[in-house]
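**Q** Letter by letter, the chains look like this.
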Amino acid sequence: MVKVKISINCPESQLNLGGIVLMRGNDFEDVPDMPEIKQAIDNGYLEVLKEEKKDEVKGVKEGEEVVVFAEQRDGKISRVVFELLGKAQELAAKLNVKTAAILFTDKDNGLSKELIAYGADKVYLFENDLLKNYQTDLYTKVISEHLNNINAQVVIYGATHIGRDIGPRVAQRITTGLTADCTGLDITEEGLLLQTRPAFGGNLMAQILCKKHKPQMSTARPGVFKMLEKDESRVGEIVNVDVNVSEADQKVKILDIIKGVKKKVNLDGAEIIVSGGRGLGKQEGFKLIEELASLLGAEIGASRATVDSGWIDKDHQVGQTGKTVRPKLYIAIGISGAIQHKAGMQDSDLIIAINKDASAPIFEVADYGIVGDLFKVVPELIEQLKQ
Amino acid sequence: MNIIVCIKQVPDTNEVKIDPKTGTLIREGVPTIMNHDDKHALIEAVKIKNKVGGKITVLSMGPPQAQEVLREALALGADDAVLISDRAFAGSDTWATSNAIGSAIKAIGDYDLLLFGRQAIDGDTAQVGPQTAEFLGVPQITYAQKIEVEEGKIKVERQMEDGYEVIECKLPCLVTCISEINEIEYPSLRGIKQAHREKEVNVMSAEDIKVDKSLIGLLNSPTSVHKSFTPSAKGQGQILKGSAKEVAKKVVSLLKEKELMGAF
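Top to bottom, those sequences are chains A and B.
Heads up: the first sequence begins at 1 in this note's numbering, then just goes up one per residue.
Heads up: the second sequence begins at 1 in this note's numbering, then just goes up one per residue.
You may find that some hints are simply not true.
Okay, derived cross-link-like pairs now, BS3-like style, lysine-lysine, Cα gap no bigger than 27 Å in a straight line [as the list claims (entries may be wrong)]: (1) A/Lys253 <-> B/Lys249; (2) A/Lys226 <-> B/Lys153; (3) B/Lys153 <-> A/Lys386; (4) A/Lys376 <-> B/Lys17; (5) A/Lys253 <-> A/Lys230; (6) A/Lys132 <-> B/Lys153; (7) A/Lys376 <-> B/Lys153; (8) B/Lys17 <-> A/Lys356; (9) B/Lys256 <-> A/Lys314; (10) B/Lys210 <-> A/Lys259; (11) B/Lys258 <-> A/Lys226; (12) A/Lys386 <-> B/Lys241; (13) B/Lys146 <-> A/Lys259; (14) A/Lys386 <-> B/Lys256; (15) B/Lys241 <-> A/Lys132; (16) B/Lys227 <-> A/Lys386; (17) A/Lys212 <-> B/Lys49; (18) B/Lys227 <-> A/Lys251; (19) B/Lys47 <-> A/Lys376; (20) A/Lys251 <-> B/Lys146; (21) A/Lys94 <-> A/Lys282; (22) A/Lys287 <-> A/Lys212; (23) A/Lys251 <-> B/Lys49; (24) B/Lys245 <-> A/Lys141.
Rather than coming from a laboratory, the hints here were simulated on the basis of the structure.
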């Protein structure tokens, strides 16, 4: 069916089209989509009702922001914050609101500007010496009071050691829901935050809603969302907020911060990851992985089985209980591909898998699979890369 | 030193399988275990007790069969065990769960130290510990990789992504433990005997722990599951065939083509 009426271009005041009679002056009416009608439309004798475009350009609503907690350590914004700002932009556009970042620091030093360049429309800046390093009690107090003052719809934290410490504490204090470790965030038709997360070791994905409480809060895994290109010309507002904390609010004392005890594994930012699994046979098997990784300038990943067996440090673990990664290239060597591992790497741009078992589930997510003996294929690969 | 350790019975997620027809979890025949991080928390409690003396109470929330993990905890050295079990708790999210656990801790009473595992392997949320701490109004330290008890306070190494922090906190406080904190131990024969013959699991209802009913259960939970589904598999890739030499050559040319030869 189409909705038509006689157009001003029609010389007649009445049209009989295959038995259907239309009169000039009548409003749009439903007619069947038949050849006579189509022809009359093509001739311009009939006017078709166009779907009204929904371009009521409403002003962006103030105050109901999509807020990102801008985790800062050593005066540097964590990478995941920029990823979350990219996602926040998308969510805010669907909700017709602004994005905002909440930044706690002792000194701004251009951090607010950086947040704006990565997608924050507004930065709530809390500058105070007591907020230099993360502390559960101080940060919870300040952020909870602020969230009670503004009307944020959504708050997202990185699912980091800090984000997973403060998120639940804040959720309990201001009585709202919090969904952990989200790998997908979207807005439903009703304007609710649709939070997708793995459960049961990645065997199942669950979509969670928080219907009756605001703000709707999530922690989201690093490495899952794409950050926007940095744009220094972006304009944003920096709001200095008074900080209402004192030393009396400190319930714990940080005696020391020790860094770089072990070589830092940077799986989050890696462009290439070479990962080893149980197929390596023993701890020494990782020597092959190391050699290949160093030739490719790659980071080393590992399956949970190898970590549990103590072959390699937990920092290398990729998967539901380890890190979620999406490098440009992921090479899985001797990894069968348990769901819990796939959950952490299946969004990599290009996946190459080497395994002797043709039915290994890793081949379900691999772009290129090699069914064969890794102890033959990998040395050959190393040899050819050296040339 | 009175220590309450919170533990959870979980399905062994390594063994969980999906029904390919319905896309739902097959739970039958899946073994249940004491959650790993929780077991480490319990072992840490036993170590602390051996050093400074005191009493360990293990607490769990779940169906009646969760008594199994509490028995295991008794065998590992806990003195008392409490299971809170009630239809009214069913469907609780982390917020509602922490309200129930927090109320149970209040009902148990005297405590200096609350130990939790960092997270459970079925949900992986890591939220119940901090939310319980907030419910009780005690400080929290998460991701503990080392605990030292001193007079009236503790010193904890809190793991960070790139190292660790050393944090001092007055008691009472709540600490969540990661697996790096100690080595797994197994119950002694004597422990197992005691757990089954001399010790009891105290089962308590929502009524018993005097929890506000508006803070627990499915309907009072702020979050709800909208839908669940099995992760989608990517389209089948291509299998490279040939000798080791031939497939290696194909991979190298693939990497060149995609400009992925990082180090060169």
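**Q** Quick check: which numbered hints come out false for this structure?
**A** When the structure is compared with the hints, numbers 1, 2, 3, 4, 5, 7, 9, 10, 15, 16, 17, 18, 19, 21, 22, 24 turn out to be violated.
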